[in-house]
Amino acid sequence: MNTISGKIAIITGGSGGIGSAVCLKLAELGAKVVVHYGGSKDAAEKVVSKIKEQNGEAIALQANLSVSTDVVKLFEQTEQQLGKPDIVVNFAGTGDVGKLAEMDEAAFDKVFGLNTKGTFFCMKEAAKRLKDNGRIVTVSSGLVVRPQPGFSLYIGSKAAVESMSKVLAMELGDRNITVNVVSPGPTETEMYANSGDDAQAAAAQSPFNRIGQPKDIADVVAFVVSDDCRWMTGHVFQVGGGYV
Numbered sequence: 000m001n002t003i004s005g006k007i008a009i010i011t012g013g014s015g016g017i018g019s020a021v022c023l024k025l026a027e028l029g030a031k032v033v034v035h036y037g038g039s040k041d042a043a044e045k046v047v048s049k050i051k052e053q054n055g056e057a058i059a060l061q062a063n064l065s066v067s068t069d070v071v072k073l074f075e076q077t078e079q080q081l082g083k084p085d086i087v088v089n090f091a092g093t094g095d096v097g098k099l100a101e102m103d104e105a106a107f108d109k110v111f112g113l114n115t116k117g118t119f120f121c122m123k124e125a126a127k128r129l130k131d132n133g134r135i136v137t138v139s140s141g142l143v144v145r146p147q148p149g150f151s152l153y154i155g156s157k158a159a160v161e162s163m164s165k166v167l168a169m170e171l172g173d174r175n176i177t178v179n180v181v182s183p184g185p186t187e188t189e190m191y192a193n194s195g196d197d198a199q200a201a202a203a204q205s206p207f208n209r210i211g212q213p214k215d216i217a218d219v220v221a222f223v224v225s226d227d228c229r230w231m232t233g234h235v236f237q238v239g240g241g242y243v
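So the sequence shown is residues 0 to 243, counted in numbering that gives the first Met the number 0.
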């Protein structure tokens with residue numbers, strides 16, 4: 000039985016395709032949700048409105064996750080407006096497609112700045128501020144175990160997140176805080192549509208003959224942040240419909 004009613008959850012990238020689905024799912028289960036956004040306030044407010052229409056509780060907060068002081072402010076505002084967080088889910092991310100030899104420093108800084116450094120800052124604050132028995136969820140990609148040409152920066156940034164998460168899981172065990180990774184396969188989002196990947200070909204490689212939907216991922220996240228997942232930490236959940 001899911002047990003997150005009344006819990007306070009920060010979802011970074013909460014206005015995005017999968018992130019918004021996670022916000023809606025956790026709110027449906029009774030969590031008080033912080034819908035983080037980087038640039039699209041309107042998109043975040045739409046998610047908040049949907050949650051409130053279903054009698055849920057949510058607020059939208061902005062932060063540039065690649066700036067440590069912004070992340071500190073995100074957590075401070077959460078505590079001021081809702082209370083000390085129980086759950087942090089890191090869905091904010093970006094990518095840049097191209098052969099490694101063609102990538103420049105700006106591309107590296109963009110991808111690693113948000114995917115890796117931004118996640119690091121959020122994990123660091125969560126480790127200091129989360130209630131005991133809390134939940135930290137980071138996000139990787141099925142490409143880490145099934146790499147494809149053109150995704151070197153994205154894959155590298157996510158592989159680093161997986162490794163940091165496994166170490167943090169060991170460091171927070173004495174507080175009964177779990178740290179797990181959700182690793183989606185091809186999923187129908189704007190980011191995936193812009194990746195240049197062939198969705199039809201990807202679907203053919205799943206036993207279900209389709210790519211994932213944001214709700215598929217959100218349902219797994221709901222399990223990972225629940226008490227039902229109390230005996231799993233440092234684990235990478237491959238959520239790719241058999242694609243990975």
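Please keep in mind that the hints were generated in silico from the structure rather than gathered at the bench.
Computed from a predicted model, the values in this text were never measured in an experiment.
Each hint should be verified, as a subset may be incorrect.
Stated by the list, open to error - Here are the simulated DSBU-like cross-link-like pairs (lysine-lysine), alpha carbons at most 35 Å apart as the crow flies:
1) Lys72 - Lys51
2) Lys51 - Lys98
3) Lys45 - Lys83
4) Lys72 - Lys45
5) Lys83 - Lys116
6) Lys214 - Lys40
7) Lys214 - Lys165
8) Lys123 - Lys72
9) Lys98 - Lys49
10) Lys72 - Lys49
11) Lys109 - Lys83
12) Lys83 - Lys165
13) Lys165 - Lys109
14) Lys130 - Lys98
15) Lys130 - Lys49
16) Lys214 - Lys83
17) Lys127 - Lys98
18) Lys214 - Lys123
19) Lys214 - Lys127
20) Lys51 - Lys83
21) Lys130 - Lys116
22) Lys72 - Lys165
23) Lys116 - Lys214
24) Lys49 - Lys83
25) Lys165 - Lys98
26) Lys98 - Lys116
27) Lys51 - Lys40
28) Lys49 - Lys214
29) Lys72 - Lys83
30) Lys98 - Lys83
31) Lys127 - Lys109
32) Lys165 - Lys130
33) Lys130 - Lys51
34) Lys40 - Lys130
35) Lys98 - Lys109
36) Lys98 - Lys40
37) Lys109 - Lys40
38) Lys165 - Lys40
Do the hints match the structure? See the list:
1. The suggested pairing of Lys72 with Lys51 holds, with an alpha-carbon distance near 24 Å, which does not exceed 35 Å.
2. With a C-alpha separation of about 44 Å, the suggested pair Lys51 and Lys98 falls outside the 35 Å cut-off, and the hint is violated.
3. For a cut-off of 35 Å, the pair hint linking Lys45 to Lys83 stands: about 24 Å separates their Cα positions.
4. For the given pair, Lys72 sits about 22 Å from Lys45 by alpha-carbon distance, which is consistent with the 35 Å threshold.
5. Pair hint Lys83 plus Lys116 holds up; C-alpha atoms about 23 Å apart against a cutoff of 35 Å.
6. For the proposed pair Lys214 and Lys40, the alpha carbon gap of about 22 Å is at most 35 Å, so the pair holds.
7. Of the pairs offered as hints, the one joining Lys214 and Lys165 holds, with about 25 Å between alpha carbons and a cut-off of 35 Å not exceeded.
8. About 13 Å separates the Cα atoms of Lys123 and Lys72, which keeps this hinted pair within 35 Å; it holds.
9. With a C-alpha separation of about 40 Å, the suggested pair Lys98 and Lys49 falls outside the 35 Å cut-off, and the hint is violated.
10. With a C-alpha separation of about 25 Å, the suggested pair Lys72 and Lys49 falls inside the 35 Å cut-off, and the hint holds.
11. Pair hint Lys109 plus Lys83 holds up; C-alpha atoms about 30 Å apart against a cutoff of 35 Å.
12. Under the criterion of a C-alpha separation no larger than 35 Å, the hint pairing Lys83 with Lys165 is consistent with the structure, at around 24 Å.
13. For a cut-off of 35 Å, the pair hint linking Lys165 to Lys109 stands: about 24 Å separates their Cα positions.
14. About 42 Å separates the Cα atoms of Lys130 and Lys98, which puts this hinted pair outside 35 Å; it is violated.
15. This hinted pair checks out: Lys130 and Lys49 have alpha carbons roughly 27 Å apart, not beyond 35 Å.
16. This hinted pair checks out: Lys214 and Lys83 have alpha carbons roughly 27 Å apart, not beyond 35 Å.
17. The straight-line distance between the Cα atoms of Lys127 and Lys98 is roughly 38 Å, outside the 35 Å bound, and the hint therefore fails.
18. Restraint check for Lys214 and Lys123: satisfied, since their Cα atoms lie roughly 28 Å apart, inside the 35 Å limit.
19. Distance hint between Lys214 and Lys127 is fulfilled; the C-alpha atoms sit about 30 Å from each other, no more than 35 Å.
20. A threshold of 35 Å between alpha carbons decides the hint, and for Lys51 with Lys83 the separation of about 21 Å falls inside it, so the pair holds.
21. Pair hint Lys130 plus Lys116 holds up; C-alpha atoms about 23 Å apart against a cutoff of 35 Å.
22. This hinted pair checks out: Lys72 and Lys165 have alpha carbons roughly 26 Å apart, not beyond 35 Å.
23. Proximity of Lys116 to Lys214 is assessed by CA-CA distance (about 27 Å); at most 35 Å being required, the pair is judged to hold.
24. Only pairs whose Cα atoms come within 35 Å are accepted, and Lys49 paired with Lys83 is accepted, the gap being roughly 24 Å.
25. Taken as a hint, the Lys165 and Lys98 pair is honoured in the structure, with Cα atoms around 29 Å apart against an allowance of 35 Å.
26. Annotation: proposed proximity of Lys98 to Lys116 holds, straight-line Cα distance about 22 Å (limit 35 Å).
27. A hinted pair counts as satisfied when its Cα atoms are at most 35 Å apart, and Lys51 with Lys40 qualifies at roughly 16 Å.
28. The straight-line distance between the Cα atoms of Lys49 and Lys214 is roughly 15 Å, inside the 35 Å bound, and the hint therefore holds.
29. Distance hint between Lys72 and Lys83 is fulfilled; the C-alpha atoms sit about 13 Å from each other, no more than 35 Å.
30. Restraint check for Lys98 and Lys83: the C-alpha separation of about 43 Å exceeds 35 Å, so the hint is violated.
31. Restraint check for Lys127 and Lys109: the C-alpha separation of about 26 Å stays at or below 35 Å, so the hint holds.
32. For the proposed pair Lys165 and Lys130, the alpha carbon gap of about 19 Å is at most 35 Å, so the pair holds.
33. The straight-line distance between the Cα atoms of Lys130 and Lys51 is roughly 25 Å, inside the 35 Å bound, and the hint therefore holds.
34. Distance check on the hinted pair: Lys40 and Lys130 sit about 28 Å apart at the alpha-carbon level, within 35 Å; holds.
35. Distance check on the hinted pair: Lys98 and Lys109 sit about 16 Å apart at the alpha-carbon level, within 35 Å; holds.
36. With a CA separation close to 33 Å, the supplied pair Lys98 and Lys40 stays within the 35 Å bound.
37. Simply put, Lys109 and Lys40 have alpha-carbon atoms about 21 Å apart, close enough for the 35 Å limit, and the pair holds.
38. Between the alpha carbons of Lys165 and Lys40 the distance comes to roughly 32 Å, so the proposed pair stays at or under 35 Å and holds.
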